[in-house]
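Spelled out, the chains give:
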Amino acid sequence: MHLDFGTILVYVMSYFGLFTALFFLLTLYENKKWVKTPRVKNFPSVTIAVPAFNEENNIRLTIKSLLKLDYPKDKLDIIVIDDGSIDNTYNIAKEYEKYGVRVFTKRNEGKGETLNFALRHAKGELFGVLDADSWVNRNALKKLVAYFNDPDIMAVTPSLKIGKPKSLLQKIQAIEYLFGIFLRKIFAFLNSIHVTPGPFSIFRKSFFDNNGGYRTDTLTEDIEIALRIQSKGYKIENSVDACVFTRGPANFKPLLKQRLRWYKGFLDNLLNYKSLFSSKHGNLGLFILPGSLISVGLTVTLLIYTIFKLSQNWFKTLTLWYSIGFDIKKMLIPNLDFFYFNLNSITYLSIFMLILGMIMIYIAKAISREKARIKVNYLYYMLIYMPLFGFWWMIAIYYKIVGKKIKWGSKYI
Amino acid sequence: MDRKKIQKTKYLAVFATTTLIFFIGIIIGGYFSNLKIEKIYDIENDLKINILGTEIQYQIIAKDPCKFVNSTPLIEELHEMGTKLDYMENALGKDNKEVLNLKEYYSILEIRQWLLEKDMMQKCGSKRTLVLYFYSNDKHQCPECEEQGYVLTYARKNFDNINIYSFDIDTKNPAVDTVKRIYGVTIAPTVIINEKKQEGFVTKDQIVNIILEQMSSFANSTKE
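Top to bottom, those sequences are chains A and B. The first sequence begins at 1 in my numbering and counts up one residue at a time. The second sequence begins at 414 in my numbering and counts up one residue at a time.
Just to be clear, a hint being listed does not mean it is correct.
Unchecked claim - Cut-off 16 Å, straight-line C-alpha distance, at most; resulting in silico cross-link-like pairs (EDC-like, lysine to aspartate or glutamate): (1) Lys316/A - Glu557/B; (2) Lys570/B - Glu30/A; (3) Lys330/A - Glu612/B; (4) Lys421/B - Glu30/A; (5) Lys98/A - Asp77/A; (6) Lys36/A - Asp241/A; (7) Lys316/A - Asp573/B; (8) Lys365/A - Asp241/A; (9) Lys64/A - Asp77/A; (10) Lys452/B - Glu490/B; (11) Lys507/B - Asp241/A; (12) Lys316/A - Glu559/B; (13) Lys617/B - Asp327/A; (14) Lys593/B - Glu612/B; (15) Lys423/B - Glu30/A; (16) Lys164/A - Glu30/A; (17) Lys365/A - Glu176/A.
These are computed hints drawn from the structure, not numbers from a lab. Every value quoted in this text rests on a predicted model; they were computed, and no experiment measured them.
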């Protein structure tokens, strides 16, 4: 057998991918009774904070969806904090004061400070955040609250979906988020959730009272807080039945910016919580966190290798074409004999992985009751997302190494 | 269930299953490349029958060769086998024993066909350009061989009456050695176009010019 670096890389990736997929599917099978959210028994008081920075176009939908929540009105406290927007965000929010929404405005300080401001004004036992570009299903809060019976549970995460995907990149993100729903449920079963997403994760407020508020020196406060909860030995749950919708960036540039912030934030926080990489922290320290770093490393290596090989091939082809004076008409007739179709082990393993990926996405679709048709989008996802994912990580790692700073954009993207 | 606990048996079970599936995948892939090797053997057997038939055919046509000048026995089969051999060499590596054996056999078939063609040219004035090409797959020994092969393929695809016989310079076989000795071939690439030897890279223009010259000389000889 011909073993070059690329072949070995694909074998290692397939092996690792297969191991992970089987591990996750087995975990789901073991816990299949616990996928659905239990019935809610009591209704603790909840404060939901909407931090908003230049969101005049989106904030109405966000506030309206919160007002429609199926939850006892006297137990639900909605606050909007305008972080010094230069548009009409504050005035629009003020319109909802008559429905009991508390609206604050302050000078612009960034998201972390804004969330701490919200914590200081929060009255509820539970505390949640809903970004002003997101909205919730009517039953979402009830489903999330149902998990707070166990005193060790400090946070519950929802099923996050891309709302009204239109552009190709949004459709790809929709698949990515579906995948995320599957992963988050599995991680919950393994007690390994390490991100409590900005849109509508609900926390026990006492955790902030006892362990400090949001850290303002991180790019991704939703990763920091999750890792902090894990490092203190508490639990984070997930409710697949609580659906929250968010607008994914529609275009390449804002999406790149979002991902650089996420991924660099992830690396920063992992360095700060190095101690989590230990079997003392169970599956999270032994497999999930190391596994996420390994998968990123493999993807980036594969991307760099593919780019290198492709440019090498193109250079070779150009040299060959040059040697015949670019008279290539008759050289381009392809050889369609089935004999030359390269059906080797790698092809089989790749097809197998593709099917496994599809199975996981369909499970995610089923458990989160998503009805959208996604077959074509899945194809786009496989073709476009993988290289994009590698590309984002490549830049994020580069930024991390050279110590380049990433800032929040004009909105909280 | 205590989720903090690491379930050792679960990790082991998944590890075992993964390894099993992984090797099944490799075995299936291997099975199909074996099918291909068997297909190559089929081709080899076909060729053996073919060449036997051609020899008899040749004995028959030798009596009245000019009737058969325009047919090109074996050359298509040879070309097909050559392509498949390239494929095998890429898939199995150039040091693979099957590949080396098949290559040697292929070289003999080429020489056989080349002799037949030369005979036809002498006896009944067949008008073809015969090219012997000695190459090496060793990139250090012959960095320009890939390009040379491409240029010759170009010539074959763009001109009808050209036969190209490629020989790996490292093939150890008395027949190939004899041809090498006749023309004094020592380095790759060496290209012999109608008995004229050229060492080193031959450009597309050089080859095309030789072929065109030949065609016009054929045309002239027919006129005379």
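Okay, the hints, checked on the actual structure:
About 12 Å separates the Cα atoms of Lys316/A and Glu557/B, which keeps this hinted pair within 16 Å; it holds. The suggested pairing of Lys570/B with Glu30/A is violated, with an alpha-carbon distance near 62 Å, which exceeds 16 Å. Distance hint between Lys330/A and Glu612/B is unfulfilled; the C-alpha atoms sit about 27 Å from each other, more than 16 Å. The straight-line distance between the Cα atoms of Lys421/B and Glu30/A is roughly 15 Å, inside the 16 Å bound, and the hint therefore holds.
For a cut-off of 16 Å, the pair hint linking Lys98/A to Asp77/A stands: about 13 Å separates their Cα positions. A hinted pair counts as satisfied when its Cα atoms are at most 16 Å apart, and Lys36/A with Asp241/A qualifies at roughly 7 Å. Proximity of Lys316/A to Asp573/B is assessed by CA-CA distance (about 27 Å); at most 16 Å being required, the pair is judged violated. For the hint pairing Lys365/A with Asp241/A, the CA-to-CA distance comes to about 11 Å; that is within 16 Å, so the pair holds.
For the hint linking Lys64/A to Asp77/A, the alpha-carbon distance of about 14 Å falls within 16 Å, and the restraint holds. Restraint check: the Cα-Cα separation between Lys452/B and Glu490/B comes to about 14 Å, which is no more than 16 Å; the hinted pair holds. A distance of roughly 58 Å separates the Cα atoms of Lys507/B and Asp241/A; the hinted pair therefore is violated under the 16 Å criterion. At most 16 Å may separate the alpha-carbon atoms for a hinted pair to count; Lys316/A and Glu559/B meet this at roughly 10 Å.
Between the alpha carbons of Lys617/B and Asp327/A the distance comes to roughly 10 Å, so the proposed pair stays at or under 16 Å and holds. For the hint pairing Lys593/B with Glu612/B, the CA-to-CA distance comes to about 13 Å; that is within 16 Å, so the pair holds. The hinted pair formed by Lys423/B and Glu30/A meets the criterion: a straight-line CA distance of about 10 Å does not exceed 16 Å. Taking the CA atoms of Lys164/A and Glu30/A, the gap is about 34 Å. The hint is violated against a cut of 16 Å.
For the hint linking Lys365/A to Glu176/A, the alpha-carbon distance of about 12 Å falls within 16 Å, and the restraint holds.
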